[in-house]
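With the hints as a guide, bring the two chains together.
Line by line, the protein sequences are chains S and P. For the first sequence, position 368 (counting from the first letter as 1) is numbered 367 according to numbering that gives the first Met the number 0, and the numbering increases by one without interruption. For the second sequence, position 128 (counting from the first letter as 1) is numbered 127 according to numbering that gives the first Met the number 0, and the numbering increases by one without interruption.
Calculated from the structure, these hints are not laboratory results. Keep in mind that the hints are not guaranteed to be accurate.
[Unchecked claim] Chain P is nowhere near these chain S residues, computed Cβ spacing over 10 Å in every case:
1. N45
2. P167
3. S217
4. S285
5. P289
6. E300
7. L306
8. H309
9. V311
10. I314
11. V361
12. T365
[What the hints assert, rightly or not] No farther apart than 20 Å at their CA atoms in a straight line, the calculated lysine to aspartate or glutamate pairs in the EDC-like style are these:
13. K340/P x D81/S
14. K373/S x E301/S
15. K33/P x D81/S
16. K279/P x D63/P
17. K279/P x E207/P
18. K160/P x D115/P
[Stated by the list, open to error] The calculated label-pair distances, taken between Cβ atoms and stated as ranges, are:
19. V191/S x S40/P: 44 to 54 Å
20. P198/S x E359/P: 54 to 64 Å
21. A330/S x S223/P: 32 to 42 Å
22. S40/P x H99/S: 26 to 36 Å
23. R35/P x S290/S: 36 to 46 Å
24. S60/S x S369/P: 42 to 52 Å
25. P167/S x E327/P: 50 to 60 Å
26. Q88/S x P152/P: 51 to 61 Å
27. P198/S x S345/P: 30 to 40 Å
28. G95/S x R224/P: 49 to 59 Å
29. E90/P x N45/S: 20 to 30 Å
30. S161/S x E90/P: 44 to 54 Å
31. P289/S x R224/P: 55 to 65 Å
32. S80/P x V191/S: 45 to 55 Å
On a predicted model such as this, the values are computed, not experimentally measured, just so you know. Ideal Cβ positions, reconstructed from N, Cα and C, are used throughout, including at glycine.
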Amino acid sequence: MAPHSYLFTRRSLGRVATAATSLFVDSLATSVWAKESDVPQLRTQNTVVLSQNTSPLGPCSQAVRASDAITPHLQHYWPHGDELSLLGQVASKRFGIAQHFIKAWCGSSDPAFRTVAAFTGPTRGLVVADPSWELIFQSAALTRAPVFKVPLNHQYAHDVRSMLAADPHAGLYFICNPNNPTGTLTPHEDIVWLLAHKPRDAVVLIDEAYIDFSDAESCMSLVEQGHDIIVLRTFSKIYGMAGMRLGFTIGRPDIVEKLLPYGFPDSPLFLPMNAVAAGMESLRTSDLVPSRKKANTHAREETFAFLREHDVAYIPSSSNCFLLDVRRPAAAFAAAMAQEDILVGRSWPIWPTRVRITVGSVHEMTRFHRALSKVMNL
Amino acid sequence: MLSEPPSFGTPLACRPEIARLPPYNAGLGTDAVKARYGVASVVKLGSNENPYGPPPSVRDALSDLVSHVALYPEADRPLRSLIAGGLGEAESRIVLGNGSEQIIRMIPEAYVSPGDRIVTVIPSFGLHILDAEAMGGLVEAVPVTDSCEFDLPAMIEAVSKPLRMLIFSNPSNPVGCTMGESDLRALIAACPPDCLIVVDEAYREYAELDPSYPQAREILRAQSRPWIVLRTFSKAYGLAGLRIGYAVTSSDEIARTLGVVRDPFNTNIAAQLAAIGALKGADHVRRSVERTALDREFLRAELETLGLEVAPSLGNFLFFRSPVPSGELAELLLRQGVIVKPWKESGYTDRVRVSIGLPEENARFLAVLSNVLKTVAVPETVEA
Numbered sequence: 000m001a002p003h004s005y006l007f008t009r010r011s012l013g014r015v016a017t018a019a020t021s022l023f024v025d026s027l028a029t030s031v032w033a034k035e036s037d038v039p040q041l042r043t044q045n046t047v048v049l050s051q052n053t054s055p056l057g058p059c060s061q062a063v064r065a066s067d068a069i070t071p072h073l074q075h076y077w078p079h080g081d082e083l084s085l086l087g088q089v090a091s092k093r094f095g096i097a098q099h100f101i102k103a104w105c106g107s108s109d110p111a112f113r114t115v116a117a118f119t120g121p122t123r124g125l126v127v128a129d130p131s132w133e134l135i136f137q138s139a140a141l142t143r144a145p146v147f148k149v150p151l152n153h154q155y156a157h158d159v160r161s162m163l164a165a166d167p168h169a170g171l172y173f174i175c176n177p178n179n180p181t182g183t184l185t186p187h188e189d190i191v192w193l194l195a196h197k198p199r200d201a202v203v204l205i206d207e208a209y210i211d212f213s214d215a216e217s218c219m220s221l222v223e224q225g226h227d228i229i230v231l232r233t234f235s236k237i238y239g240m241a242g243m244r245l246g247f248t249i250g251r252p253d254i255v256e257k258l259l260p261y262g263f264p265d266s267p268l269f270l271p272m273n274a275v276a277a278g279m280e281s282l283r284t285s286d287l288v289p290s291r292k293k294a295n296t297h298a299r300e301e302t303f304a305f306l307r308e309h310d311v312a313y314i315p316s317s318s319n320c321f322l323l324d325v326r327r328p329a330a331a332f333a334a335a336m337a338q339e340d341i342l343v344g345r346s347w348p349i350w351p352t353r354v355r356i357t358v359g360s361v362h363e364m365t366r367f368h369r370a371l372s373k374v375m376n377l
Numbered sequence: 000m001l002s003e004p005p006s007f008g009t010p011l012a013c014r015p016e017i018a019r020l021p022p023y024n025a026g027l028g029t030d031a032v033k034a035r036y037g038v039a040s041v042v043k044l045g046s047n048e049n050p051y052g053p054p055p056s057v058r059d060a061l062s063d064l065v066s067h068v069a070l071y072p073e074a075d076r077p078l079r080s081l082i083a084g085g086l087g088e089a090e091s092r093i094v095l096g097n098g099s100e101q102i103i104r105m106i107p108e109a110y111v112s113p114g115d116r117i118v119t120v121i122p123s124f125g126l127h128i129l130d131a132e133a134m135g136g137l138v139e140a141v142p143v144t145d146s147c148e149f150d151l152p153a154m155i156e157a158v159s160k161p162l163r164m165l166i167f168s169n170p171s172n173p174v175g176c177t178m179g180e181s182d183l184r185a186l187i188a189a190c191p192p193d194c195l196i197v198v199d200e201a202y203r204e205y206a207e208l209d210p211s212y213p214q215a216r217e218i219l220r221a222q223s224r225p226w227i228v229l230r231t232f233s234k235a236y237g238l239a240g241l242r243i244g245y246a247v248t249s250s251d252e253i254a255r256t257l258g259v260v261r262d263p264f265n266t267n268i269a270a271q272l273a274a275i276g277a278l279k280g281a282d283h284v285r286r287s288v289e290r291t292a293l294d295r296e297f298l299r300a301e302l303e304t305l306g307l308e309v310a311p312s313l314g315n316f317l318f319f320r321s322p323v324p325s326g327e328l329a330e331l332l333l334r335q336g337v338i339v340k341p342w343k344e345s346g347y348t349d350r351v352r353v354s355i356g357l358p359e360e361n362a363r364f365l366a367v368l369s370n371v372l373k374t375v376a377v378p379e380t381v382e383a
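Next up, chain P with everything else stripped away, as it sits in the complex (with noise of 0.2 Å):
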């Protein structure tokens, strides 16, 4: 048996599609940093996920699980009419994912064909580029503006050339940006009449308690364009560990269109389970949602008293400029056990992304992150 792995020839030609894309990085997990730094506990603000867990009614969604395990999790029309019920939407308009961001796969699997033109924003969701870009797709991503909000004359002008596709969030990841009602509907209006419209609504449960958080699927069923919103049980429900999210459609020919695209079986049972069982558990969710954002805002606070520029955020999370390479400042943070994550898109290196966690896990971060600013050397070409 080999120990290392071998060294080996002439390295394997793939699809250019894929040959230019990323290598994958994933960060440390909560064992690895105690492992690698010594630290005796870890407080995991680096994934956005709910502190508070997902509702108690998905214990009991659960309790039948093994009954339903050895067969292919091939009936997920009970949770699809449960979700279209409670949005007023048909049945045949929602389609299920292993999470949002197999369905953000599928789109430009079914829709994008090499040379098409794909619009979308930077700081962004990363997939809603390199899935785009798998597919053969020439993206172009919009900044945000210095005041990291949309730049909404910037959007304007990209869709109203040729566009495949414009797909963003809103509110945005990891930046918490959003956009309101009258913009929305201006860069709607400004996209070619043939173009498909993505929102991607995985924060939405948090945005949503501030009333200027537009209505987008009104918004988008009050013109023609063909539309697709979508939204996760991974925040705001709990269940990032059960892998589930969904689409909305504006037709019943997009969502045959996407189900012939994804992968069988794609959404596994206790997901399903579990998901019916969050959408009976709306007072959890609303409570926990309610108390993540009043933290937010006293997180927001504090940062800024520590002389950090943050952005303006509607989802459960806070994107700040880092004094230092957003990434020698999360390598500091971990060394006292505080996992962030700091962003690596070119341009966005000197910010770091903080999800809300549980106020205790949040005072941590900040007696970490005071500590640790003490310590770092300010280079004098960036504002701290």
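Isolated chain S (complex conformation) (with noise of 0.2 Å):
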């Protein structure tokens, strides 16, 4: 064996976790939560990682850099007590919104199912696009909601409209922008039409977690008009901090404060600090949005050229992901791929062949057409 660490990740660790006992965590336990891949994804250094929509470039050096320096502090839950309201400030000024609509997590996951434990029940249904993030149909299973899946339309766009119509009374809609897996845009006019249209009491939640790879537009001046929305923002994404845990929501306190109560009242505050005094210099570092947004379409634009060349059929992305048409089933494909070294993300029932690519840098992604093109015999 080689002298390399091997990792088993604890996606695929997960995907024996199916024994569950009760009802409903039966219903869980089948989730596509339970497995990461479709393959066991062994991971080398030398092993280029295409399968969890990160950064290739990680963390900016002022974002380490203060990190390191919060190192002394951990044994506080806050160390200045106001770590909060800074980042608070910060995020208000890169953001250009007021900061009493914004409010830190661990992640996105975090408020993403507090939104749906919050919103959604047995009598108030979750209406979601197909394909999309699927942690949101795992939440509603926890609150026996039911789930209407509404396929995205021919542009792979949101279908707002039909997603009204299968349930017109629901407490949540949910709306990724760009879209996981798909990476393609949903017009904000749509977004607009379906808050116009929506049941009085349901929300809209809207994940932004890929929205700096593209040119949309935020709905974070929707959040000031005061609309019942709740926008989603993470570092795991362009700022290349997935390991270390932190989103915002961006919404009306009056709604936002709906989440707080599920779980420990204060744990909205309990973040961890290293990622707290990372993310704040990462959205001080003016240049670090557009010179990776630049450096994400580089590559990806690159790689669409390669795929058309060689005529492999894919759907055109706006984010640093997209979803490619593999001719076969998607674990097939992992696999094969992972022989090479190049670990592929999953596929989505409802196209089977297709599985989500991560875009990373150009030298990953030249690796990347190397074995794609011994996988696929192009």
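Pasting the structure below:
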């Protein structure tokens, strides 16, 4: 065996997590969160990871220094006490939205889950696109909410009119923009339309985890206009901090406070301190987003050109991921790519031969092209 | 851009289980206290942190953090393996959380259905009640006795009825009282055979200095009811700022079930690496725990000298009765730069929890408290 440290991923280990006992836990155990990839993901130092939609660049140097500086003070929940306020101030300046709309969380999965917990139930459904981010489905199982999956339209955008028609009395409508896994955009005016026509007591949850890779218009302005909307942001993507766990909700305080009672009352305030310090410096680094967006676009478009040249179908994306038609069951493709030390993402039941590919660095994508040529006989 | 929250129309309805719960109430941080009260320095004794910080080995463990940060923190096996080895448990029965409070949320998510009966104690760590209620559980909280000890007869009576879950801290947070081995055995024996028993041992490292502190896992392993023991790195290990705790479970099945309701990537990689480092710093942990226990008893004696009623405690904190409403006393202390935690649960609003800090911090707290007590008017209905 090569002198590398091999790691099983948590998700691959989690694949065996199916022997749950109670009824609703059984329904969770069958969710896709029980697995991350279609093959167990063994990783070496040389492995190209194109399965997590994370940044190939990691955190910026300013963020690393800030994280290091907080290490001697880790015994405190909040070493200076005002880190949360400072983070909010910096985010307010960066996003151009008043601070009282912004709340920090451990990543965006936690508030996404809480939003479902707060606003759905047996008589208040959840409406999502198909395919889209699956954590939402898992969360709905906990509240026993009916889930309505509405296929993307022919432009691979959320079909907001069909989503409303699927459950006109839903408690929550979820839109991921750009969408995960397609990387495609939903027009801003469609989101505005949904807000105007949704049930009076429903919330629209907008996941903008990938928006900095695209030219899409943020929905934060709709928050300021007073709409029933929560916007999710994360440091796990363009900021390269997936391992640190930090994200935001942007929403009206009277809506976001509904997320707080669930769980320990202060838990949104209990954040990893190094993540907070690194996040603040990331937001202050003004050239981070434009330079990384440019690099991602360059690598993505080079790959798309390669795919077109070799007549491989894909869905054009505005994000750091895209769906590739591998013309065979996704698991077989993933296993073959793993043999080339390239880890690719998962597939969705609606499109079992389309695999999600994360856009890596130019160097990583060059290796991806070589492996793809071999695996698909291009 | 709006500068103030706008006024909105009809409030959005949320699930009734959520609507019944109280809104969150965050205290002031160090810098906020400085700014509001114009004090040059602040003594922070409200959060039961380890004032001596994490072991030096944590810094080494984090030296290579940057190379791990870009990817999601999915490989938690090294830490789980280390914990399991130290405890003599199977790795497959260890579950990590973003602090143990996240696991306290996961437990009712997995096991509590609307209408299920839950027993805990009061005063309590709030989320033992809140998280169960959020899933529709019906919580019965058994008060501690007048002398601030667990009320074993009342707890046994409470658990003798149909019950989904018993959950409590040992030592108690915020009281500090401890349930000994024979009482713990009796309580467990009174629970229905299918009841899930959850013992939160956040302050175990402090309590186990006392030989009467029970080995809960040994007691639980000797019987057949399902169980979970919770531990944290936020207290004795000094990693409150990184967020990591864990559950030891009685079966692979429980660990798998908790894994199913776990948020994806729930423990950040810095916390995982630091926890591995902290486990290598046992000497530092032991020294800080022993010093804190000594200082706790010193502080207890001083508080009693001031005429205050102090609960028994094996934790890194003391719970005492205030001669004025606890919020009022806490505010007076804040004005002089001392942060404590006034208790707000009904029936206990005259109680204050104070963490054991560095000796000089404890001394400042005592000096400020002594001065404050000379100025407050003690209501006739409240015993001093």
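Quick rundown of the hints versus the structure:
| no. | hint | in the structure |
| --- | --- | --- |
| 1 | N45 | holds, 14 Å |
| 2 | P167 | holds, 16 Å |
| 3 | S217 | holds, 14 Å |
| 4 | S285 | holds, 19 Å |
| 5 | P289 | holds, 19 Å |
| 6 | E300 | holds, 22 Å |
| 7 | L306 | holds, 25 Å |
| 8 | H309 | holds, 29 Å |
| 9 | V311 | holds, 26 Å |
| 10 | I314 | holds, 23 Å |
| 11 | V361 | holds, 16 Å |
| 12 | T365 | holds, 19 Å |
| 13 | K340/P x D81/S | holds, 18 Å |
| 14 | K373/S x E301/S | holds, 18 Å |
| 15 | K33/P x D81/S | holds, 10 Å |
| 16 | K279/P x D63/P | holds, 17 Å |
| 17 | K279/P x E207/P | holds, 19 Å |
| 18 | K160/P x D115/P | holds, 12 Å |
| 19 | V191/S x S40/P: 44 to 54 Å | holds, 51 Å |
| 20 | P198/S x E359/P: 54 to 64 Å | holds, 59 Å |
| 21 | A330/S x S223/P: 32 to 42 Å | holds, 40 Å |
| 22 | S40/P x H99/S: 26 to 36 Å | holds, 29 Å |
| 23 | R35/P x S290/S: 36 to 46 Å | holds, 40 Å |
| 24 | S60/S x S369/P: 42 to 52 Å | holds, 50 Å |
| 25 | P167/S x E327/P: 50 to 60 Å | holds, 52 Å |
| 26 | Q88/S x P152/P: 51 to 61 Å | holds, 53 Å |
| 27 | P198/S x S345/P: 30 to 40 Å | holds, 36 Å |
| 28 | G95/S x R224/P: 49 to 59 Å | holds, 55 Å |
| 29 | E90/P x N45/S: 20 to 30 Å | holds, 27 Å |
| 30 | S161/S x E90/P: 44 to 54 Å | holds, 47 Å |
| 31 | P289/S x R224/P: 55 to 65 Å | holds, 58 Å |
| 32 | S80/P x V191/S: 45 to 55 Å | holds, 51 Å |
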